[in-house]
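Residues per chain are reported as follows:
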Amino acid sequence: MSNFGNYEEQVKNFSWLLSEQELGYRPGQPINIGWYCADRICQQGKSDKVALIWEGFSGEKKIYTYDDLRRYSNTFARFLTDSGIRAGDRVCLFMDRVPELYIGFVGILKTGAIAQPLFSAFGEDSLFVRLENAQTSAIFTQRKHVAKIRKIRDRLPYLQHIFIVDHDGRSPLQEREEAFSMEGLGGVEHYDIYPTYAESPSVLHYTSGTTGMPKGVQHVHYSLISQYISAKWVLDLTDDDIYWCTADPGWVTGTSYGIIAPFALGVTQCVLDSGFSAEAWYRFIEKNKITVWYSAPTAIRSLMKAGDEVIKKFNLSSLRHLASVGEPLNPEAVNWSIRVFGKPFHDTYWQTETGCILISNFPGMPVKPGSMGRPFPGITATILNPNTYEPYPQPGKIGLIGIKPGWPSMMRGYWKNEEAYKNKFRNGWYLTGDRARQDSDGYFWFVGRDDDIINTAGHLVSPFEVESALLEHQAVAESAVVSKPDPINMEVVKAFVTLKPGYVASKDIELEIMNFIRKKLSPLAMPQEIEFVSTLPKTRSGKIMRRILHAREWGEEAGDTSTLEND
Amino acid sequence: MDELKEVIKNYVTDEYLEPDSDPIDYDTPLISGGIVDSFSMVSLKRFLENKYHIQIPDDKATPEAFDSVNKIAELVREFVKD
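Heads up: the protein sequence lines correspond to chains A and B, in order. If you count the first sequence from 1, you need to add 103 to reach the working numbering. If you count the second sequence from 1, you need to add 30 to reach the working numbering.
Same shape as in the complex, but just chain B:
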């Protein structure tokens, strides 16, 4: 199990999904699927920055880059130092 992806998935589930919503997986479309909108994306980005002590530049925080757990994890890995 990928810990980073689990953290992101759990956060999205807890923060953005209503209780009776269908569960998400790593490929569920988050932005295009209407689960996270462009305004909510700001709080998701803030969570990732706080959690991993990183700064994601605005030009990298695009709807496409935030459209699934897999894509977000890929983005975060760009900025997390080993």
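For reference, chain A alone in the conformation it holds in the complex:
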């Protein structure tokens, strides 16, 4: 029997009060996610329970109990407070998946400051725009990543502190840099946790927009109410589980369901700080007897590609519940998991802006392979007519996924971008930007994005951001960036480029431009293919028509081309 029980019953009786009551939260009282993730679990008598099992790529292993999590997060909090960080300040975590990332996140929240995790593979430009926009005060990083910060710090006057968590003294610290050793400082027994309230800001995650630069999605401490109950019901987490969320905390899954929810539930979770390898992943599951596994379609398809033989080398019988997020999970992947693991991956749907799972295949409910599932209790999801923004009265129509605002973990705004926030709502609905249809059983089926955003391996990439960076390359005259289909990553970035006079298209220049983008933005944003063209399709007013290039890549009709220049 799952935590969730019967879908219809839960929908009928649901109130967010259920979650508030389980967490012992009363409206109007302080609520601090940091306290809920560590101190509360200790107060429940679980101080000695393992909170985090961490393993590095070389096999190095570290184990932290809930009391360790409590005391070391106090160490972070005390250190930040002593460094002058105050409630509301933005503190960035720019690290690989080391223990300090997870514990530091909890520690930042305890101070009332806003945690701003950023993916450690970001290049200096991606890092710069996010730190500049947030006016970030402090950043925790590792030696291996500090060079990227050094290149941009002079343009970041608000960035007062660069804390290096693994400084070994081999090279001298530079301006604004300071060594911070969590274990060297030792656990701090007492820290007065800042009394944040429901609407106090907690986490700032950046997401790509179709136009303009990335937007900071602002969440609040009350988000815990959604994250806690959705993890309990959708991921079916119980006290005895050993849980592995493969997402990086640089992205929202890695914080909502890779830090906040499992710790608030008092679950033991595992982290593997390693690049992808099917054998390493299966070994990790076997070794740690993982019971609940939350992963992503790209990873699942990569495991499929690695073949079934490798699975036979390992005992994976500990697995009891599998879930997936990031992109639509194709039916083949669901059927493969039933065949090789004896159970399906349950697809879940949500976004950085939503903070928690909105639509899901629930434990105990029939999984329709390829479907996103049904709305979480308390969530009103519908398919909107894209012209009127009214819900379609009958199932089966393709339209926009709209959500009725008001769930606890809904974003409270885009950082310093009120206009973009307002544009996410029409006719009383939050617009996800995704297109889907709903069947007569109430299951949602993903169709595609409603904009030019590229979803590669579950991460959103803005074509605008890549095009802007391409123009900084000395050889590039013009560019247009679109997605192209990919069997593993669903979509990858493809760039169409015209070269400046004096430059000739070649394999070498293609590679040079690819690496240029990889280092400036991130490996995700790097075009996997560059097609050199003599001209780009444009409207008569000179606007590049990405739509035509996108249609060509996907073998679709280009639609209305009446405004096309030279047509």
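FYI, nobody ran anything at the bench for these hints, they're computed from the structure. Source: prediction; values computed, not measured. Glycine included, C-beta positions come from ideal geometry on N, C-alpha and C. Worth double-checking, as some hints may not be accurate.
[Claimed, not checked] Some but not every residue of chain B turned toward chain A, in silico, with C-beta under 8 Å:
id	residue
1	Pro53
2	Asp57
3	Pro59
4	Ile61
5	Ser62
6	Gly63
7	Asp67
8	Ser68
9	Ser73
[Unchecked claim] Not everything, but these chain A residues come out facing chain B in the computed CB check (under 10 Å):
id	residue
10	Phe160
11	Asn236
12	Lys247
13	Ala250
14	Arg253
15	Ser274
16	Gly378
17	Glu382
18	Lys408
19	Lys416
20	Asn433
21	Asn558
22	Met617
23	Glu634
[Unchecked claim] Keeping only pairs whose Cα atoms sit at most 27 Å apart, straight-line, the calculated DSS-like set for lysine-lysine is:
id	chain 1	residue 1	chain 2	residue 2
24	A	Lys622	B	Lys75
25	A	Lys254	A	Lys519
26	B	Lys111	A	Lys247
27	B	Lys35	A	Lys587
28	B	Lys35	A	Lys610
29	B	Lys90	A	Lys416
30	A	Lys519	A	Lys500
31	A	Lys587	B	Lys81
32	A	Lys622	B	Lys101
33	B	Lys81	B	Lys101
34	A	Lys115	A	Lys152
35	A	Lys622	B	Lys35
36	A	Lys415	B	Lys101
37	A	Lys610	B	Lys90
38	B	Lys90	A	Lys408
39	A	Lys247	B	Lys35
40	A	Lys335	A	Lys390
Fit chain B to the known structure of chain A by using the hints.
Coordinates of chain B only, in the frame set by chain A:
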């Protein structure tokens, strides 16, 4: 000294390592060690194909085959004509 391995090692060092990173050797785990991710692997594969005028099929370009300089050199040798 193996010239092929040196070329690969130098390219990885120049392109994928930050200045203060620990140096790599022929056995340093590149993919599982997080130095080269699956997206960056595409540009590394492209470099090898351009440099040695070869085509590495996608089914051979696995994370395991790219996990160290030694393994990459072994893969490249499969396709380089004597």
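Verification of the supplied hints:
no. : hint                : verdict
1   : Pro53               : violated, 12 Å
2   : Asp57               : violated, 11 Å
3   : Pro59               : holds, 6 Å
4   : Ile61               : holds, 4 Å
5   : Ser62               : holds, 5 Å
6   : Gly63               : holds, 5 Å
7   : Asp67               : holds, 5 Å
8   : Ser68               : holds, 6 Å
9   : Ser73               : holds, 5 Å
10  : Phe160              : holds, 5 Å
11  : Asn236              : violated, 23 Å
12  : Lys247              : holds, 5 Å
13  : Ala250              : holds, 4 Å
14  : Arg253              : holds, 9 Å
15  : Ser274              : holds, 6 Å
16  : Gly378              : holds, 4 Å
17  : Glu382              : holds, 7 Å
18  : Lys408              : holds, 8 Å
19  : Lys416              : violated, 13 Å
20  : Asn433              : violated, 18 Å
21  : Asn558              : violated, 14 Å
22  : Met617              : holds, 5 Å
23  : Glu634              : violated, 14 Å
24  : A:Lys622 - B:Lys75  : holds, 17 Å
25  : A:Lys254 - A:Lys519 : holds, 25 Å
26  : B:Lys111 - A:Lys247 : violated, 38 Å
27  : B:Lys35 - A:Lys587  : violated, 33 Å
28  : B:Lys35 - A:Lys610  : holds, 22 Å
29  : B:Lys90 - A:Lys416  : holds, 21 Å
30  : A:Lys519 - A:Lys500 : violated, 36 Å
31  : A:Lys587 - B:Lys81  : holds, 26 Å
32  : A:Lys622 - B:Lys101 : holds, 25 Å
33  : B:Lys81 - B:Lys101  : holds, 17 Å
34  : A:Lys115 - A:Lys152 : violated, 35 Å
35  : A:Lys622 - B:Lys35  : holds, 23 Å
36  : A:Lys415 - B:Lys101 : holds, 24 Å
37  : A:Lys610 - B:Lys90  : holds, 21 Å
38  : B:Lys90 - A:Lys408  : holds, 11 Å
39  : A:Lys247 - B:Lys35  : holds, 23 Å
40  : A:Lys335 - A:Lys390 : holds, 24 Å
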